[in-house]
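Student: Chains A and B, in that order, give the protein sequences.
To convert a position in the first sequence, counted from 1, into my numbering, add 467.
To convert a position in the second sequence, counted from 1, into my numbering, add 467.
I should point out that these hints are in silico values taken from the structure, not numbers from a laboratory.
Where hints are given, some of them may not hold.
The list treats identical chains as one, so a pair stands whether inside a single copy or across any two.
In the DMTMM-like style, the derived pairs of lysine to aspartate or glutamate whose C-alpha atoms are separated by at most 25 Å in a straight line are [what the hints assert, rightly or not]:
#1 Lys777 x Asp926
#2 Lys1055 x Asp578
#3 Lys870 x Glu607
#4 Lys710 x Asp689
Every value quoted in this text rests on a predicted model; they were computed, and no experiment measured them.
Number of protein chains: 2
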Amino acid sequence: MATETASRIDQWRELAQQLRVDSIRSTTEAGSGHPTSSMSAADIAAVLLASHFRYDFKNAKNPNNDHLILSKGHASPLLYSLFKAAGAVSDDEMMTLRKLGSRMEGHPTPDLPWVDVATGSLGQGLPIGVGVALAGQRLEHAPFRVWVIMGDSEMAEGSVWEAMGRASDEKLGNLIGIVDVNRLGQRGPTALQWHTEVYAARARAFGWRAIEIDGHDYAQIDKALAQAEQGGDQPTLIVAKTKKGAGVKLVEDQENWHGKALSKDQATEAIAELGGVRHLTVTPAAPPASNGATTQPAGTLRLPVWELGKKVATRQAFGDALKAVGAAKPDVVAIDAEVGNSTFTGTFQEAFPDRFFQTYIAEQQMIATAVGMSVRGFVPFAATFAAFLSRAYDFIRMSAISKANIRLCGSHAGVSIGEDGPSQMALEDLAMMRSVGGSTVLYPCDANQTARLVAEMADQHGIVYMRTTRAATPVIYAASDSFPIGGSKVVRQSDNDAVTIVAAGITLPEAMTAADELARGGIAARVIDAYSVKPIDAATLQAAAAATKGIVVVEDHWPEGGLGAAVLEGLASTGASMPPVKLLGVTKLPGSGTPAQLLDVCGISASHIVEAARSLVS
Amino acid sequence: MATETASRIDQWRELAQQLRVDSIRSTTEAGSGHPTSSMSAADIAAVLLASHFRYDFKNAKNPNNDHLILSKGHASPLLYSLFKAAGAVSDDEMMTLRKLGSRMEGHPTPDLPWVDVATGSLGQGLPIGVGVALAGQRLEHAPFRVWVIMGDSEMAEGSVWEAMGRASDEKLGNLIGIVDVNRLGQRGPTALQWHTEVYAARARAFGWRAIEIDGHDYAQIDKALAQAEQGGDQPTLIVAKTKKGAGVKLVEDQENWHGKALSKDQATEAIAELGGVRHLTVTPAAPPASNGATTQPAGTLRLPVWELGKKVATRQAFGDALKAVGAAKPDVVAIDAEVGNSTFTGTFQEAFPDRFFQTYIAEQQMIATAVGMSVRGFVPFAATFAAFLSRAYDFIRMSAISKANIRLCGSHAGVSIGEDGPSQMALEDLAMMRSVGGSTVLYPCDANQTARLVAEMADQHGIVYMRTTRAATPVIYAASDSFPIGGSKVVRQSDNDAVTIVAAGITLPEAMTAADELARGGIAARVIDAYSVKPIDAATLQAAAAATKGIVVVEDHWPEGGLGAAVLEGLASTGASMPPVKLLGVTKLPGSGTPAQLLDVCGISASHIVEAARSLVS
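Isolated chain A (complex conformation) (with noise of 0.2 Å):
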């Protein structure tokens, strides 16, 4: 027994030494890079891939593997090392680290098969890692665990205690934390330097089992994953105190060494000093059988209809839209942060109690469930107030890079929304979501064509946005009208047009009523509905903008970066000449007031419109 386990501590410490090794040898390889960081977690890594990870590299794809979600992006180098060892890539592969068109990444990400999402913005790993293992319990039944190796620098982002206290909440057995305690951040000292106690408390405070060890003592870190796989209704941190650039005395606990690769001298005394290079090859253990958790067919899509002229808000149809895709397709979920109610995600829990998901007041934890789920396959679709999507700005962003399948709606978009004030006004949501890469942005302005558009956000890849309004608003569009991404509607359109208008959602009606107006003044304007502002359909802008003597674009949002930002950039990729263009968005900081007081106060309503049209046609 006692030679038993001393053969598996000799396995363990080769195993470290090879991924210390290899982390050396690749970013100095590189020239950058970091490789103290992943020095410290190496001892961890190795015992979680030789005796606990339960992964089958031959197939990324088996649904039963367990995930490893590095959130401390930036050692990468110990993650290549860990996929040479587990033979995934070829030492040659991950020489390559930080090449051009090479999948060794600077910071992770999922051009790797064995990676679930990106990581590098620190505080991301923890919250996503939440939302797999919530798929796994709740939606999937499924026997993997998640594990979440984070940096102790990043416990001071806020993002990780919203994910602390839903995974307790959700008890979340299958969540297992691992915080390499370095002690050093890329500065110097971090807040809590050696205080394991401290990152333990706080743990439990927030429900969680919490676990100190000596993370370089191989017993302990193997007794500790052990523990926490225990699972039960728990979830698990294990707060390993550790060494940055453990094993090499050069660099070993040492400040100024964060993200600075040796040279090449300093490395091979480094090599050297643990022992040399090796090629060892570790096969984890299989996943579990699967337990054939059985897919549900899908149904017919049957999407709610409203008579023309109706007044309904688009926040509300697109909740007994997302009710009616929620219906047809059993792998949509939706997520909420606690205002249900007020984007009508609160219509597909009442049908779908056991697809929707609650982060209470925790915007980021939304968005990281969502990106969760997508890494299981599911659909999500996520919901706050436009404005408070702002909250999770980065992990939007970080979700683009990890090629996720999320979609998004924010309510209560604009001055429209009235009486509450600028706080809950979303006025720069556009551009947020325009700037997100490979992003759709749709802006629906009735409840026919907010419920085609959920439809369609369901197919559509990459992050989709769906911006809806508080106010009800007249149903302008026939059931069966059709409304594809990048297209646009011309909902007003003559032989002789002498001006255009581009408006979407909110200001649609009024660019309609202003284009009656300007008719009745013998101006005849076109107006062109823009309801998908992301791809925007430019060739209908260009024949409009050839046809007219300008254009008026209104938009309840600030003028920056918005609507008429897409319909400027759309002309500018025709590369033709452009008329004059007028951009009608809130210029000023808004105040309380009616919705109809506030539209025009801050220069958007239908008489601001008729205003700017005349001034171009004259």
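Based on the hints, put chain B in the right spot on chain A.
Tutor: Just chain B, lined up with the frame of chain A:
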């Protein structure tokens, strides 16, 4: 003694009932708002105002006044009722709640002189309170206390826990948080309901003194507030169990009464139940006499200068210039989120350690600290990687509504950072920061320009953002050149310019190289350095548009909402028609690579500019 206590309790009760009545009266008159969220905290607010708050309502500018931040901003009727009770606003004005033009907005804003910051996006009050308390303790040695009233729902926000960690680490005995645990969120019970012991345990684990009380028991409230006032080296969290809608049977502890005004009839009955309308006035204790903190005189500004042709990273110039500005202006402070050796706020730290604040990796707390410093009249600069400012976008958005004066610097922008990969590359920061109300966005290309702009930032109001570059770029401007905000520099110009190239920051050298190459092919290109991205120099752009066949805009940013959009919006604002405009930005998700490789692969290097310019001319 017993009688005196009884009479104090009667006084508190009468005042609390008045606050409840007024919260009901004003919301019923408005037809919307949050009476029940106000009523749960009315007893606490009454005891605070009458017996603990030290504030001269006749002089809101008294530097020793306590601060009161109503983090649960939706309970604004309570705050306005409190201001009425303090004699600061009339009953008539209080009754204008939520009306157009009234200072009694749906959520509090600093249009009221006794309101430090806008609230209404939950979880921001405590982090900002940390900033205010830090200024009082470390910079001003002032006797004021900072009281923050929070809701229980917002304790799910990670930002609260960033603040909890920071406050105890900074030993902020002058900070007192009060959680109004009324059990009910917007759409139902909170995760922790009335488990005040869990909130208290979490607070203690985060290093706070925690006191659990019945929030409707006046003696307990009074005792807890008195204990909290003892301060010492620990912040205090008072966890008060309360009932939403307390005092009125119809709504007390009832679901579906969030954010809903009582009908006129319901209000009449409720007011009777509460003992009728009152108009008590309470004069809070005066703040302690000023301890006469001496203001240091401003010195002469001596900006660093760099020789033409030298290669210097603008981020490094930012740090050197910030140190120079700090030497000249004793009210300049700097805040870091644990990357000061990358953003070069570390240069300021070395020179002025007493005016440097570390929030560790907690970007929301970094912005909140800056806002708190702004509340106290300091001139804060906060810096992190530009990509990670997205983590704090909601705080930035709200700081504009708070009319805060904060200066932000985002380093490591764009693909030109190279090997670290997309998680570290800001590709949306220009769009994000442009769409902040009243913001200023600057993007220097060389060291001398950076220094001049840093100096201007210190004097600029509102939210001011500077984007800096990781790589060293050549110094192209003389130290004597000036760069007014709203201006631009035409760096290449001739009488026969055929095409215009607009660039900024890292793409400016590429544009100059491209112009040289075009000149060799016989095409004269005007090159404009749009260092002031917002406000943009529309006149100079328009002159170039009129003089040349087309414009190429090139930026290290997604093509949406950034410099290209700023140029188009600027051109549109002139009312003129526009020539063809070609936008060059990053159109596909980059990976790792060298800066030069990535500029080229992503389509924004000199050769791509040349190609785009040629196509416009031909």
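Student: Work down the list of hints and note, for each, if the structure agrees.
Tutor: Consistency of the hints with the structure:
no. : hint             : verdict
1   : Lys777 x Asp926  : neither (28 Å within a copy, 52 Å between copies)
2   : Lys1055 x Asp578 : between (44 Å within a copy, 14 Å between copies)
3   : Lys870 x Glu607  : within (22 Å within a copy, 48 Å between copies)
4   : Lys710 x Asp689  : within (18 Å within a copy, 48 Å between copies)
In the structure shown, a violation is registered for the earlier hint numbered 1 alone.
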